[in-house]
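Undergrad: Can you build the whole structure from these sequences, using the hints too?
Residue numbers (numbering that gives the first Met the number 0), protein chains in the order written: chain E, 0 to 97; chain W, 0 to 391.
The following residues of chain E were derived to be distant from chain W, with all beta-carbon distances above 10 Å:
#1 R2
#2 D16
#3 G25
#4 T28
#5 R30
#6 F62
#7 E66
#8 H70
#9 D74
#10 A75
#11 D79
If the Cβ cut is set under 7 Å, some of the chain E residues that face chain W in the computed set are:
#12 H8
#13 P41
#14 M42
#15 R44
#16 G45
#17 T46
#18 Q50
#19 V51
#20 F58
#21 G92
Label-pair restraints from in silico Cβ distances:
#22 E:P57 <-> W:D307: 34 to 44 Å
#23 W:T72 <-> E:D67: 36 to 46 Å
#24 E:G25 <-> W:A33: 30 to 40 Å
#25 E:D34 <-> W:K327: 57 to 67 Å
#26 E:A7 <-> W:Y335: 29 to 39 Å
#27 E:P57 <-> W:E302: 27 to 37 Å
Since the hints were made in silico from the structure, they are not lab data.
Cβ coordinates follow ideal geometry from the N, Cα and C atoms, glycine included.
So the chains spell out like this:
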Amino acid sequence: MIRVILPAHLRTLARVDGEVKLDVEGQATQRSVLDALEACYPMLRGTIRDQVTQQRRPFLRFFACEEDLSHELPDAPLPDAVASGAEPLLIIGAIAGG
Amino acid sequence: MSKVRVLVGTRKGAFVLTSDAKRERWEVSGPHFAGWEIYHVKGSPADPNRLYASQCSGWFGQIIQRSNDGGNTWEAPGGETTPAPGSMPAGASNKFVYDTSPETGKPITTHQWYDGTQHPWEFKRVWHLEPSLTDPDTVYAGVEDAALFRSTDGGQTWQELAGLRGHGSGPRWQPGAGGMCLHTILLDPSDPGRIFIAISAAGAFRSDDTGKTWRPINRGLKSEYIPDPTAEVGHCVHRIAMHRSRPGVLFMQKHWDVLRSDNAGDLWQEVSGNLPTDFGFVIDVHAHEPETIYVVPIKSDSEHFPPDGKLRVYRSRTGGNEWEALTKGLPQRDCYVNVLRDAMAVDSLDSCGVYFGTTGGQVYASTDAGDSWTPIVRDLPGVLSVEVQTLP
Numbered sequence: 000m001i002r003v004i005l006p007a008h009l010r011t012l013a014r015v016d017g018e019v020k021l022d023v024e025g026q027a028t029q030r031s032v033l034d035a036l037e038a039c040y041p042m043l044r045g046t047i048r049d050q051v052t053q054q055r056r057p058f059l060r061f062f063a064c065e066e067d068l069s070h071e072l073p074d075a076p077l078p079d080a081v082a083s084g085a086e087p088l089l090i091i092g093a094i095a096g097g
Numbered sequence: 000m001s002k003v004r005v006l007v008g009t010r011k012g013a014f015v016l017t018s019d020a021k022r023e024r025w026e027v028s029g030p031h032f033a034g035w036e037i038y039h040v041k042g043s044p045a046d047p048n049r050l051y052a053s054q055c056s057g058w059f060g061q062i063i064q065r066s067n068d069g070g071n072t073w074e075a076p077g078g079e080t081t082p083a084p085g086s087m088p089a090g091a092s093n094k095f096v097y098d099t100s101p102e103t104g105k106p107i108t109t110h111q112w113y114d115g116t117q118h119p120w121e122f123k124r125v126w127h128l129e130p131s132l133t134d135p136d137t138v139y140a141g142v143e144d145a146a147l148f149r150s151t152d153g154g155q156t157w158q159e160l161a162g163l164r165g166h167g168s169g170p171r172w173q174p175g176a177g178g179m180c181l182h183t184i185l186l187d188p189s190d191p192g193r194i195f196i197a198i199s200a201a202g203a204f205r206s207d208d209t210g211k212t213w214r215p216i217n218r219g220l221k222s223e224y225i226p227d228p229t230a231e232v233g234h235c236v237h238r239i240a241m242h243r244s245r246p247g248v249l250f251m252q253k254h255w256d257v258l259r260s261d262n263a264g265d266l267w268q269e270v271s272g273n274l275p276t277d278f279g280f281v282i283d284v285h286a287h288e289p290e291t292i293y294v295v296p297i298k299s300d301s302e303h304f305p306p307d308g309k310l311r312v313y314r315s316r317t318g319g320n321e322w323e324a325l326t327k328g329l330p331q332r333d334c335y336v337n338v339l340r341d342a343m344a345v346d347s348l349d350s351c352g353v354y355f356g357t358t359g360g361q362v363y364a365s366t367d368a369g370d371s372w373t374p375i376v377r378d379l380p381g382v383l384s385v386e387v388q389t390l391p
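TA: Structure below.
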């Protein structure tokens, strides 16, 4: 079980409260977690990564275990604590705008 | 008794304002999609309870929202958590992919950038949604970078009408200060094949075959920043309006200049007349008088507020050239708001209502065709768009 914490606006869009819990097949990576997230919540497609290029949207960041994972490769394994569900993967919007 | 529903898009959400036909007491619903930019909300003429909204954010990109109950509840089309078997692809309602296939013409991959170099086409947002006049599930989307998309499944999937970018002048289009946006879509009620669109800063275009092929309709436009006085494209058209009873007559607010065309855009003539300034964004037509038109003059392209701090709507009852200032109920001192291009609309009650929203968050209404004005709401986020539905 992977735990994901979404930014408030995306929780509203996906109509969820609190953490999202996902079953991910195979190794837990950014790509596999986002694939599972978008499969469960199709309205989130395009909001975290581009619909076509699949690249992370520039004003979003991925954090876990007090580390910035935003520039890790999409298929790099996530930390064991995330894969085991001990720690959540945080998707965070940049502090910008007004 | 008839009702009026005003659909307001703002920088921080959408609002639905409703009243009976007296238009004296208004109920305000919202914010819907709080915190998101809502560029446009518009209802289907074929089913007034079917609304479409363009929701976007610098963080999360574009979302399309749809309502089937007049704005009480909303859904991202195809974004349901458990898509029905055989349904359209889930999560594709915000997927706007430019058509570069050889089958639909030569791939167009670049347009002119601010510095004159060529720049790739990049989808940014939907500026305007125009539902079909006859089918609630068909809706057009004008997007930035400029292109026209159409959905025939209620906004679940979108296909580009690539003939617009493909007619040849695409590489010469360039963005205005607000981006290279396709912001105006007019459907001809007398000819299902005829569509008018406008792009800032490329100009106006017309299709006579339901969007397959397009031609620029910019003859007669003069723009000081374009050296060639007969330039086919490059004009910063801000808005076009028509009266449904005379779809061949078009009115235009250009960057500078107010113009009209009496031949479906084949030739334009300036009708700025006695306006205090002919810069502005909005233009609209009275619901029952095809020669009565409205603009809100703005001081200049570098000072986006009303001249002298006085918010004045100007009305012409002669299709242009002769204008009168409408000031009753509008602030006549210290007013420095703007009225953006999609932020004026009219209702179709016997005494025509006129509505506009400001970047200061006010939505003003007139129930007497502009003679006097009252704010429906004063303190919304900056208003991006205003549409009106007259309901039975």
